[in-house]
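Quick mapping for you: the protein sequence lines, in order, are chains A and B. All residue numbers for the first sequence refer to our numbering, where the first residue is 1 and numbers rise by one. All residue numbers for the second sequence refer to our numbering, where the first residue is 1 and numbers rise by one.
Since the hints were derived computationally from the structure, they do not count as laboratory data. Be careful, since some hints might not be right.
Unchecked claim - 25 Å max Cα-Cα, derived DSS-like pairs, lysine-lysine:
no., chain 1, residue 1, chain 2, residue 2
1, A, 324, A, 41
2, B, 252, A, 135
3, B, 322, A, 3
Said to hold, decoys possible - Facing chain A, according to a computed beta carbon distance under 8 Å, are these residues of chain B, among others:
no., residue
4, 11
5, 15
6, 87
7, 105
8, 111
9, 249
10, 296
Said to hold, decoys possible - Listed next, the stretches of chain B that the computed footprint assigns to chain A, with coverage defined by at least 3 CB atoms under 8 Å from CB atoms of chain A:
no., stretch
11, 76 to 84
12, 238 to 248
13, 286 to 293
The C-beta atom is built at its ideal place from N, Cα and C for all residues, glycine as well.
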Amino acid sequence: MEKMPKWADILLVPLISLILAAFFSAIVILAIGESPVAALKIMVSGALGSTYAWGYTLYYATNFIFTGLAVAIAFHARMFNIGGEGQAMLGGLGVALVCLYIPWPHWSLALIGAVAGAALFGAAWAAIPAFLQAKRGSHIVITTIMFNFIAAALLNYLLIGVLKPAGSMEPATTKFPAAVHLPTLHDILGLVGIPFSRAAPANVAFLVAIAACIAVWALIWRTRLGYQIRAFGHSEPAAKYAGINPTKIIMIAMMISGALAGMMAVNNVMGEAERLVLNAVEGAGFIGIAVALMGRSHPLGVFLAAILFGFLYQGGAELGLATKIPRELIVVIQALVILFTGALDNMVRAPVERVFMAMRRPPKPETKLKAAE
Amino acid sequence: MMDLLTILQILDSSVRSATPLLLACLAGLFSERAGIFDIGLEGKMLAAAFLSAAIAAVTGNVWIGLFAGIGASLALSAIHGLASITFRGNQLISGVAINFLAAGLTVVVAQSWFGQGGRTPQLSGGARFNPITLPFAENLREVPVIGPIYYELISGHTILVYLAMLAVPLTWWILYRTRFGLRLRAVGENPAAVDTAGVSVVGLRFAAVGICGILCGIAGAQLATAEPAAGFVKDMTAGRGYIALAALIFAKWRPWYALYSCLLFGFLQAIALRPDLIEKAIGVRVQVQFLDALPYILTVIILAGFVGKAIPPRAGGEPYVKER
Chain A
1 MEKMPKWADI LLVPLISLIL AAFFSAIVIL AIGESPVAAL KIMVSGALGS
51 TYAWGYTLYY ATNFIFTGLA VAIAFHARMF NIGGEGQAML GGLGVALVCL
101 YIPWPHWSLA LIGAVAGAAL FGAAWAAIPA FLQAKRGSHI VITTIMFNFI
151 AAALLNYLLI GVLKPAGSME PATTKFPAAV HLPTLHDILG LVGIPFSRAA
201 PANVAFLVAI AACIAVWALI WRTRLGYQIR AFGHSEPAAK YAGINPTKII
251 MIAMMISGAL AGMMAVNNVM GEAERLVLNA VEGAGFIGIA VALMGRSHPL
301 GVFLAAILFG FLYQGGAELG LATKIPRELI VVIQALVILF TGALDNMVRA
351 PVERVFMAMR RPPKPETKLK AAE
Chain B
1 MMDLLTILQI LDSSVRSATP LLLACLAGLF SERAGIFDIG LEGKMLAAAF
51 LSAAIAAVTG NVWIGLFAGI GASLALSAIH GLASITFRGN QLISGVAINF
101 LAAGLTVVVA QSWFGQGGRT PQLSGGARFN PITLPFAENL REVPVIGPIY
151 YELISGHTIL VYLAMLAVPL TWWILYRTRF GLRLRAVGEN PAAVDTAGVS
201 VVGLRFAAVG ICGILCGIAG AQLATAEPAA GFVKDMTAGR GYIALAALIF
251 AKWRPWYALY SCLLFGFLQA IALRPDLIEK AIGVRVQVQF LDALPYILTV
301 IILAGFVGKA IPPRAGGEPY VKER
């Protein structure tokens, strides 16, 4: 018997976790002598109050959709991919190489090439820890953490060395050619006559992210491979007994995960910066963990949670400009969301389950008699 | 070739870099030997670094700072224990949350208290740990070979460095020569057996997580109050918690090997700051980034089991459920 209805599991529990996280964030804001209500107002107007604000919110959300999907698909195979940060860095390298060294005639072709390059590099970076997990039993969490640091050192080396244009002091590649400039939401919505801020960085990668959500949903719930991944995640011995090859599932799930994390670079490297800079990922790989936990590893949930975190990220940046609250406050909120939706999930869930169990108890005999009368 | 003094200076700074790694590594050792994975070492060190520096700056007394730092680290340990022992949550996710909590809160609170962009004021005098000159160091300095070794390498560290070195035999003794240590190791391998023997699994695991908190607290205080430039800066642990975790795997969860691997990683950090010396010593220019990545690469190789196999405690990461 299910302990509680499905809607409570996918909506109520995350909502309670979110309220708890918001409550403790409010306490932090109060403790540093600021007003939580005023802070929330600034965040809402700064992240949702204009098309410019929406443009930033959706830009950040696009990053988080990709990294959130990456963590989510690994969760389905019961793998914890904490290496989204490194995979997204390598994805950036893939995008930069594709954009710099191939003469693209049109942005649409370049977009396809960049998606492929980003996915390939991200998947390759996830493949080594996946192989070590599948074949040598090395714990995937530790190896992916180590690979984040190795990726950072590698990019640092490349951007100070071979990828830096001669004469430049900045650790970054040259600007990508104009032909690979991706249309922004201003350009796209302008076609159908909707005015949208020209300055905001949200771009066509947002649509790619939505397509990725649909593709992941179809893969997980509508294909044989998705079924195998879920079966493996539920029970490894049962999956083995059913003839599912664990090595194959670990490798494929982790490589799809890495590819999705890498594809984030289409948004931030190709769509926004239009060159590869140091630390381009800015922690989005880690926010993916919070997004996947909050979204219960479902693409729709990931989408909504990514929008929420896009709001927090952009709102937090505005908060840093308008008040004395530093933008690191969003890191605290992010931590609280991970804590309540992930680590303390049982604490939040158990009382809710008890309430539903209590409601389900059969009515007492007297009331039954009364009803009969 | 390099002269003795240069080598000694490098080794001296290796010991200093190794100290916070060693304390954090031993912290992780207690926790993981009891079956609680802890990737929140980084966050606990960071929180302790901030609070120890902040309280030391305000009170002017570094010892009060040290205890405040340990308190901050213990508070995060309590959250980890609550999540992973009491509520049987995912220990890895709890660790990730703790790292972010510390990364965010330290900057937010530092900005609110001191308004210096997430720093504390520089510490000096009684507000920081100062180097201790061991007896006769000055007198023996002129004695060839032994004198400089004693003066440069062994003498002249802060008390926390000596404390960390003492913590290694102490940890060994607790783990392998006391009843508590036996039970602690058992609870990380087979908690059901410990439970059957009538010993509290929850109690032991909380004790281990508590010891982990204390050691991480000292590690953080060492970073912020005992380094040559004392004071807290934003994100000052800079991945040391993860290097400590790597060292723990490298040491295969054993105390003496923890000392050796931390000294090795400390040495790598020390020579990464002097690329000119490496070039002089081996004649090849080694990229600094490669040295930065080397601890992680070595750990992956060890984890892959190509050079000896690192097998973690068997019950690590699994919440204990009394009856199934």
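Here is what the structure says about each hint:
| no. | hint | verdict |
| --- | --- | --- |
| 1 | 324(A) / 41(A) | holds, 15 Å |
| 2 | 252(B) / 135(A) | holds, 20 Å |
| 3 | 322(B) / 3(A) | holds, 21 Å |
| 4 | 11 | violated, 24 Å |
| 5 | 15 | violated, 23 Å |
| 6 | 87 | holds, 4 Å |
| 7 | 105 | holds, 6 Å |
| 8 | 111 | holds, 5 Å |
| 9 | 249 | holds, 7 Å |
| 10 | 296 | holds, 4 Å |
| 11 | 76 to 84 | holds (count 4) |
| 12 | 238 to 248 | holds (count 4) |
| 13 | 286 to 293 | holds (count 5) |
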